[in-house]
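Q: Given next are the chains, with one letter for each unit.
Protein chains: 2
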Amino acid sequence: MAVGKSIIRVDACEKVTGGAQYTADLEPKGALVAKVVRSTIANGVVKGFDLEAALAVPGVVKIVTCFDVPDYQFPTAGHPWSVETAHQDIADRKLLNTRVRVYGDDIAAVVAEDEIAAARAARLVMVEYEEYPPLLTPEEALAEGAAQLHDEKPGNLIAHSGFKLGELSYEEAAEEEGLVVIDKKYGTQSVQHCHIETPVSFAYMEKGRIVVTTSTQIPHIVRRVISQALGVPMGMIRVIKPYIGGGFGNKQDVLYEPLNAYLCTLVGGRCVKMEISREETLACTRVRHAMDLHVKAAARKDGTLVARKLTAYSNQGGYASHAHAIVANTSNEFKQIYHDEKALEADAYTVYTNIATGGAMRGYGIPQAAFAAECMADDLALQLGMDPLEFRRRNCMQDGYEDPHTHVKFNSYGLRECMEKGREFIGWDEKRREYANQTGPVRRGIGMAIFCYKTGVYPISLETASCRMVLNQDGSMQLMMGATEIGQGADTVFAQMAAQVTGITEDRVNVISTQDTDSSPFDTGAYASRQTYVSGKAVVKTGTLFKEKILDYASYMLKRSMDTLDVKENCVVERESGEVLLSMEELATTAIYSLDRSVHITAEATSHCKDNTFASGACFVEVEVDMPLGKVKVTNIINVHDSGVLINPKLAEAQVHGGMSMGLGYGLSEQLLFDAKGRPLNDNLLDYKLPTAMDTPDLHVEFVEINDPTGPFGNKALGEPPAIPVAPAIRNAVLNATGVAVDSLPMDPQKMVAHFKAAGLI
Amino acid sequence: MAVGKSIIRVDACEKVTGGAQYTADLEPKGALVAKVVRSTIANGVVKGFDLEAALAVPGVVKIVTCFDVPDYQFPTAGHPWSVETAHQDIADRKLLNTRVRVYGDDIAAVVAEDEIAAARAARLVMVEYEEYPPLLTPEEALAEGAAQLHDEKPGNLIAHSGFKLGELSYEEAAEEEGLVVIDKKYGTQSVQHCHIETPVSFAYMEKGRIVVTTSTQIPHIVRRVISQALGVPMGMIRVIKPYIGGGFGNKQDVLYEPLNAYLCTLVGGRCVKMEISREETLACTRVRHAMDLHVKAAARKDGTLVARKLTAYSNQGGYASHAHAIVANTSNEFKQIYHDEKALEADAYTVYTNIATGGAMRGYGIPQAAFAAECMADDLALQLGMDPLEFRRRNCMQDGYEDPHTHVKFNSYGLRECMEKGREFIGWDEKRREYANQTGPVRRGIGMAIFCYKTGVYPISLETASCRMVLNQDGSMQLMMGATEIGQGADTVFAQMAAQVTGITEDRVNVISTQDTDSSPFDTGAYASRQTYVSGKAVVKTGTLFKEKILDYASYMLKRSMDTLDVKENCVVERESGEVLLSMEELATTAIYSLDRSVHITAEATSHCKDNTFASGACFVEVEVDMPLGKVKVTNIINVHDSGVLINPKLAEAQVHGGMSMGLGYGLSEQLLFDAKGRPLNDNLLDYKLPTAMDTPDLHVEFVEINDPTGPFGNKALGEPPAIPVAPAIRNAVLNATGVAVDSLPMDPQKMVAHFKAAGLI
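So the protein sequences, as listed, match chains A and B. Heads up, the first sequence is in our numbering, so the first residue is 37 and it goes up one at a time. Heads up, the second sequence is in our numbering, so the first residue is 37 and it goes up one at a time.
Here chain A stands alone, though its shape is the one from the complex (with noise of 0.2 Å):
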């Protein structure tokens, strides 16, 4: 069995060793260099250049502003084309924009023959704006008389949807004698993917083809959305994706690689690199959509909930990008993880502001509705006098859980299994029952959330893939996927998953890490905790077809049934027996240089893939509160997932502990913060605070391994759940351990203190 077994990671050496090629290793000698040059202001209009110092720097070779650049409007979220123009991403830039929507808006771009230059060069770019108000907040952009950042979303209002189950609304239904209701506001911030590898591209034309080298998750989409933006039909465009220093969903935005492509056809297609600085990457980029999130829920006095209201408003920034996918995607879980007995309504808007642009991040809306969903049965169960796993007991999700909207079933459910799990791990009852009256300035609690996550992105759109195996004359293989590893362990457990297929084992199955739209198989690329669910069934679909075409080749050989033989271990065996009969080196060298018979082996497949399934999972965590300093340290944190069949069961673990790295962040320390101007405040490392090494916990993860039986081999999402139930887990800790509520996020230390100051504790 290749699956289930903890390999090492096929790129590990090469990732230890500096062996792995990453984009900017792989810039050509020669490259010309380009800068963006940025808005100054984060709303108003460019009215004109001055570039005659910028020009006069030696070495710069052209400049180009948002006057000079193709009439196109084009999106840059990550999604599938789609075939019908209402679902296709909002086209609301261009490649240089006129009207600035945020500080650090891409204005002009310089090129010059080195990196000195151009920086020099963009910096010497003289700009004449016309400046308005900068709108931070959605209260602000929806107000009556603010400025209007897209013409095309009138008020600067991108969506409104909403949902209501049951007969009755909310009100009518919490009109119910006896219930227990909360109405509160909760708020999340924005953050950034902060992956290691900025995002750096370079371009070059190639006959006549403009050619793209991109760390980014996502090369076929990249090509598309070149494409559009440049007005290039698909096929004269090339995108090349190498190994990739993280992504997280910032690199599932098409975020420079259109204008990089551009800039090399205005340099006679010679090759431009372009690499984003940390600074401009934390600004200008994406960052996960801040949220003000208004919960209304009612319960009875044995915890049955009856009713919610949800009305969210996410802070999109000046670009669409991903847009209202996120915040839909926020009401739906919130809809999902718990059962109203009689009514859920649910309201989301997404609206234009200043602030940096919100795009996909780790969880795509769901660590913010895991935050107010758990915040919510916190605060419910506190004033039911109820214990929170009890109350979760009651009204989480069932088995067999249909949503009402999307089909989408828990095809194997272990959600409950994993609160028991974290239940046990943590000491719930002991512990709940140790805490409960503690007195002095540091005091200790257990909380806990919860959460469901879709896997991949059917029905609501395109789920599709394609891979290609050649066998090699040693008998080994090479895997193509267009499915691409971003650190996640892709390439590992598509290897695991071909070796289980074929019967070639998984040490002889290369798989080509770089994707190429030339000539890899088509993928939409890695998001949605879609890969190893919605490209897995390509490499079983592929991998079937391989191996039957090994087995025709063998019973060419030997002379014997095809349905006599198996595969097993590199060897072509006699399937009752188990007897070897031929080395897969013998048949492969054979099949290549037969004189009588040769082919070359090889198979490819596209998995149109119609299925959905939930994963789900629970954070349980132990904090020690220093409220004099407003300090909270997780001394104890574990993730139980329900994940369905695990690949590779040390690579998932691994995975894990990256989400949680990430919620702990979510919800102690970061934060990206701007002033009155719109200007971001922290866009460095050193003020913008990541969690390091020093500042994380041991990190415990177990599993409930059930087989999902849409999986290929029984797996479901995971790649995103890990980073969502964190941050309220500490969030209904800290409330355990002082009774303090904390509505937002991050729990940094001045909360903190002014929490516990408004609380009187200290």
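Hint data in this document are derived by calculation from the structure and do not stem from the laboratory. Mixed in with the good hints there might be a few duds.
Which copy is meant is left open, so a pair is good if it fits within one copy or across any two.
[Claimed, not checked] Here are the simulated DSSO-like pairs of lysine-lysine, each with C-alpha atoms no more than 30 Å apart in a straight line: (1) 604 with 686; (2) 686 with 243; (3) 200 with 220; (4) 243 with 51; (5) 243 with 83; (6) 65 with 243; (7) 595 with 646.
Guided by the hints, dock chain B onto chain A, whose structure is given.
A: Chain B in isolation, oriented as in the chain A frame:
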């Protein structure tokens, strides 16, 4: 019709603008540089090294000697692997050799941080030898007591083969009364390919695998030979072939890739680059075999050829490379091109010597055969008092000819028509009369030569080729070939073929010019004038499958039966009426992005070719011979080719131009000279007399286009043939002009003056 059009080469703009990337252009930043330490003797044994001075050079990273390399013998010839041991190439060398067999043999290698350090250190490596007398000719090498160059081949004889046609021996057949006989020795010289781009490669390791980028004609074979040389499984090796600056057969040998691959493994997988200088290329890569061709021939007074005997000695040089395959081919053409009424005997010997190693070069033994056979034809005709054209008409290969050994057939026969076209163009009959009785120091003459040439290597060896096609979203396609573009225009004709078969126009066929053994379809590569024929069949097979998949999807979209549909000019049309029903762009976009049925349309197929056919042709030359100066000036020349249907007439013409130019150099000026020690005397392009544009007359080309029923589009060999008939045609024109028969090449002024003096003409 895409086939038959003279479209501009797909790589034309890239190549003339300097945009095309060759191996050296792709060298990664920070690559180490390797230099080979070469023997300063031609025959002997390395006894030891003193590396102290070399190792002291700053920047030297590693020095490896012939005492350190793995103990694997490997072959270098670019042939398909044979599953039968007896047919495998001779494995007669190691990565570095202790037994020195040529001047400049590879005895050690230096790896350093830069070019200068590597070169300096290589010069400082001190070597102790045991030296033997150099063996420069087959005669010397076969003499008793000659030092043995390879233990596996006693007496330095690599191989001897022979055949006999007819009941009688030559001597018996020649006993017939009244025959005119000749008994002559013809000789051809060593010449070198002189591709502009010398051998260059770089190698590094990735995931424990070795990646070699190299200027080669045969990437898949390079992969296999590296595997043999290093004892590493083939799947652990990846070979990439970018554009190459000429090969002509020299890059059908695996020259330095195995050493380059090995060196990178010694420096922790860091990238190591090896660039072979012009001097090294001339002396230490491959040359066209010098041959001694002893011909006896007997004809009746009416011109009927009764019997011939060929005894050929091929001077192999120090290593086997393609070895006996070359002179065996020589014997075959000698057999095929003329018919002997009673007897033909042929004996061929391939002998190791200490001069530069013979290998594959455009024509593969046939230029030598044609020189002997065509000299013989004119020498016999002269004795018979017969017009040489008439002699050829009477005795040449006939329509429907089938080789008695290989059973290769003349499936389409244009030889006679070629002779007729050439005759008319050059004004044969009038000029023969006009030049019959000349006096004075400057005389004019006309001559001719004919040839035939197989198309690919079936049935001697394997002919297999694969192709893959991918439909882009805009309805354009990617064409991936295993076959290689080596300057001959292969990519262009493949694009035309793909267009012809699929209905997607050639401007929308993107050929992937780089071969990568990890992902490119398998193909043995560019040699034997095989690709347009053999690999062309793979394009047809794959294209047919690809179009079927397109029509299947069209049938789904249009809800019409597939067999009522066709693809024309990038549209799906109604088969009968030609009515346009759907654009390829709409189909392609829908196929990928359909929420109902998403399919990534690709196709891949292997064509195992079990056909062969003869191409043929003639060259007619007019010369002006200045006898006191010894100068032969070609005043008019035409090649007429029977190569079946032309895929791209302009490219075909250019191909013939190149071959004719090579033939001019072979005939008049080129010769790699060695001193008595076996040291090359003219290993540079100043002293080695490659003809330049200044030496080249207008080159005329005509074709006889006859559909060959076995060719994918009625086409057959054209790559190598143009180089074959030029030298003997010039020789025969000189004979016509002066009555002097020059029986060895080249006909340079020094030699000509000696001949004219001997004949009393000057």
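Q: Compare the structure with the hints numbered earlier in the document and write down the numbers of the violated ones, lowest to highest.
A: Structure breaks hint 5 only.
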